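Q: The primary structure of each chain is shown beneath.
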Amino acid sequence: MPATVTPGPAGGPPDPDDRYTLARGLVAAQRWAAALDAVAAGLAAAPDDPVLLGLQVRALRALGRSAQALPVAQRLWTLAPEDPYPCRLLTLVLLDLGQVDAALQAAGRAVCLDPQNGANHLALSRAWADSSRPGAVERQLASARIALQLDPSSIDAQLQLGTALAASGEVAAARAAYREVLRLEPGNAAALNNLAVLDLQAGAHRAAARTLAAALAADPQDRDAQRNLDVVAVWAVRRVGWVLLAGPLPAMLAAALGWALVGRLLAAAVLLGGPLAATRWWRGLTEGQRHHLRTLPRRIPPARWLRWPVAAALVGGAGLALVLLAPRLVAGPAGAIWALAALALALARVLAATLRRSRRAEVAGRWDRVRHR
Amino acid sequence: MELGRVLDSLRRAVEQAPDDAVLRAHLAGMLLDAGLAQEAIGHLGLLLARDPGDPDARALMRRAVAAEGGPGAGDEDGPGSFDLPPDVLGPGAGGRSTAGGEFDWGAAEQDLTAGLTHEPIATSLRLADVGGLEEVKAELEAAFLAPLRNPALRERYGATLRGGLLLYGPPGCGKTHLARAVAGELGARFIAVSLADVLSSWLGRSEGNVAELFAAARAQAPTLVFLDELDALGRSRGALGRSGSALRGVVNQLLTELDGVASRNEGVFVLAATNAPWDIDPALRRPGRLDRTLFVGPPDAPARAHILRTHLAGLPLAADVDVEALAARSAGLSGADLALACRAAAQAALREAARTADPQRSVAAADLQAALAGVAPSTAPWFATARNVVLFGDEAGAYADLATYLRSHRML
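Protein sequence lines correspond, in order, to chains A and B.
Each position in the first sequence, counted from 1, maps to that position plus 150 in the numbering used here.
Each position in the second sequence, counted from 1, maps to that position plus 30 in the numbering used here.
What the hints contain is simulated information worked out from the structure, not anything from laboratory work.
Bear in mind the structure is a predicted one, so any value in this text is a computation, not a measurement.
Each hint should be verified, as a subset may be incorrect.
[Said to hold, decoys possible] What follows is a set of in silico ranges between Cβ atoms, one per label pair, in the way DEER data are often shown: (1) A:Asp187 x B:Val52: 45 to 53 Å; (2) B:Ala158 x A:Leu334: 49 to 57 Å; (3) A:Ala496 x B:Asp330: 52 to 60 Å; (4) B:Glu296 x A:Arg377: 44 to 52 Å; (5) B:Glu425 x A:Ala481: 53 to 61 Å; (6) A:Ser303 x B:Ala241: 28 to 36 Å.
[Claimed, not checked] To give a feel for the contact side, a few chain B residues facing chain A, derived at Cβ under 7 Å: (7) Ala226; (8) Arg265; (9) Leu270; (10) Leu277; (11) Val419; (12) Phe422; (13) Gly423.
[As the list claims (entries may be wrong)] If you want the ones that stay clear, here's a sample from chain B, every Cβ over 12 Å from chain A, calculated: (14) Val36; (15) Arg42; (16) Glu45; (17) Ala51; (18) Gly65; (19) Asp321; (20) Val351; (21) Ala355; (22) Pro389.
Where is the CB? At the ideal position from N, CA and C, for every residue including glycine.
Sequences and hints are given; from them, build the entire structure.
A: Here's what the structure looks like:
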């Protein structure tokens, strides 16, 4: 009989691990509620069982019940204070609850208890990632590098390294780290999402949309990818605003130069060609992208992203109306007023975008969600 | 050489008509004559599994076992005794001998079934009792139940009693209820299994449990194996972490059993249900395994009326309660939501009866309407995920029926 195969229930002594089996299996299968029931049944017989308490913490966290997981994690830690695993679990729970300093302490203790375990350094790196202390980015990166050094096959460590590199501005290296995750585990939704975030930050919205679609295909419940896809949708709508504002410009210019007929023809071309181009663009989108755009108002209040395109449409429409109905006025004060309005609107838009970018830099990850596993 | 050709022809004939007991017995007899006792035992085992009292099969089995030199070899009365002392076998153990010394195949068969943790489901529910789900019921009827009931039909259309059907849809919409109805149709030939039935702390034992389950199904064929919550039992191996090694083994074993490489799966139909088909290991859905999928959505109006009637049965109802109207107003609610609404309405009526000290107070239409209005469709989060699957992750069109449903209900 091979050494790894233990005898069946009928042929051997009772297995001390028996009470863990179902709970472990349910946790592995991500049947969190059922796992909690199985854990509760086990804890009724052995209330201080550290394995069961650990499984309980994992299930509670997965169900978004980190507040309930905290006392369990603390109890686990008091039961096994010299074991780094409870410290790591406590770190994650504390991070869920936004208690970053306490999480740093717990992760630091885990590293002290077993500095040769990459998982402990990984927990510390995650805690530094949420910290706003000076030098947090560097420490996050250093811990991630140690974690990966100690466990080169760890996908979580590789992912964390990518996040740390991105936070420290090493975008190319971050991309390489995420691609390595995808090489190790094709279809890793977190790596895909984080690559898309890098694309978004670089202004490559189309590439980001494709990558986010892949992330959602890999994990249809990925809320971060959905929110990042919203960023792409808002970007697309805002680009439409620029097209609406700039569309009448050639017609206005022709009318201002006294070429009324040319101006009218150009205005008519914009009026006819615009919807045609819009229809073509719409049809060129994937069904997912179209649905995401259609349902955008349900997720983000229209006031936050529709003001600019509406204002641009009004100013652009006024310009076209002027060219079509009174082309002679374009060269006069009416045209000047329109040009000023368009310029003011464009400047306001650029200013707002600049302000938002700097604000986003201050509040990292407000929209562009980097995802951890 | 001539005998070999005859045996080949007979084997092919048995494959074509696996339920023909006379033919199988004849083949077994010829195999014994040809000295192929082991193969004969396989056929005789199948015959005895279906009819433990078959005297011809029992006689042939005795011959076959004797020829193989197994327990009771050389004993004309069959395997009536074993060499192990009773204290090793445990109390009451002493072989399966009847008073006449003949091996008790029926009792042995009962032992085999009793040893399994997968008990047949006893229920009086029938498919006709399930409201709505007509398409699913029709598919089940065509794929398994009709060929099972009518061997002539099966022969005419070359249908087999093997394969699998995966039911998927939001929770609380009747997948398990439907499976129970199938159990009612099949009686004892239905084996339900969930993750808890399979998992074992013994290394390698979980896989053994799966193998045992399918062995039992084959022995009792035609049988329907119901794999509940397949996303747990057959979770994508790529998504299983380090703690999922036991589950990985279960998935691998499940794949082996569904392929039926080691043994024929004729007569073993696998019905599976899941809320998350996208979490199932893709290999399980390849042709020949669970290749047919059916979307079980929230109940339609007639089904909702049926569910409401079921849950309102036994409650004192006011004359103004119009179940059809209530069903029309409860679109999008699952069976579980409707059950919840009925309970809430009954509680409201009870509270009102206690407050007004009016024991004659019945559940009125207003109670039910208020309860239905207060129940949010529990299927909403599921559909949010399903929409993403259809929009971003279904290039192969595996969820065409789901996409059709989402479009027809303006969710896309």
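Q: Now look at each hint and say whether the structure bears it out.
A: Now the hints, each set against the structure:
For the pair Asp187 of chain A and Val52 of chain B, the beta carbons lie near 51 Å from each other, so the given range of 45 to 53 Å is met. The supplied range of 49 to 57 Å is met by Ala158 of chain B and Leu334 of chain A, whose beta-carbon atoms lie about 52 Å from each other. Look at Ala496 of chain A against Asp330 of chain B: about 54 Å separates their beta carbons, and that is inside 52 to 60 Å. Between Glu296 of chain B and Arg377 of chain A the beta carbon distance is about 51 Å. The supplied range of 44 to 52 Å therefore holds.
The given range of 53 to 61 Å is respected by Glu425 of chain B and Ala481 of chain A, whose C-beta atoms sit roughly 55 Å from each other. With their beta carbons about 31 Å apart, Ser303 of chain A and Ala241 of chain B fall inside the hinted range of 28 to 36 Å. Among the interface hints, the one on Ala226 of chain B holds; its C-beta lies about 6 Å from the nearest C-beta in chain A, closer than the 7 Å criterion. Look at Arg265 of chain B: its Cβ gets to within about 5 Å of chain A, closer than 7 Å, so that hint holds up.
With 7 Å as the threshold, the beta carbon of Leu270 of chain B comes within range of chain A, its nearest partner Cβ sitting at about 6 Å, so the hint holds. Given hint, Leu277 of chain B at the interface with chain A, holds; its Cβ is 5 Å from that chain's nearest Cβ, closer than 7 Å. Given hint, Val419 of chain B at the interface with chain A, holds; its Cβ is 5 Å from that chain's nearest Cβ, closer than 7 Å. Against a cut-off of 7 Å between C-beta atoms, the interface hint on Phe422 of chain B holds, since the closest Cβ of chain A lies about 4 Å away.
Interface hint at Gly423 of chain B: satisfied, since its Cβ lies 3 Å from the closest Cβ of chain A, which is below the 7 Å cut-off. The Cβ of Val36 of chain B sits about 42 Å from the closest Cβ of chain A, beyond the 12 Å cut-off, so the non-interface label holds. Under the 12 Å C-beta cut-off, the non-interface status given to Arg42 of chain B relative to chain A holds; the minimum distance is some 38 Å. For Glu45 of chain B, the condition that its CB be more than 12 Å from all CB atoms of chain A holds, with the nearest at approximately 34 Å.
Distance to chain A confirms Ala51 of chain B as a non-interface residue, since its nearest Cβ pair spans about 33 Å, more than 12 Å. Every CB of chain A lies more than 12 Å from the CB of Gly65 of chain B, the least distance being 33 Å, so the non-interface label holds. For Asp321 of chain B, the requirement that its beta carbon stay farther than 12 Å from each beta carbon of chain A is met, with the minimum near 21 Å. Listed as a non-interface residue, Val351 of chain B keeps its Cβ farther than 12 Å from every Cβ of chain A; the least gap is roughly 34 Å.
Here Ala355 of chain B stays apart from chain A, with its beta-carbon at least about 30 Å from theirs, past the 12 Å limit. No Cβ of chain A comes within 12 Å of the Cβ of Pro389 of chain B; the nearest lies about 39 Å off, and the non-interface call holds.
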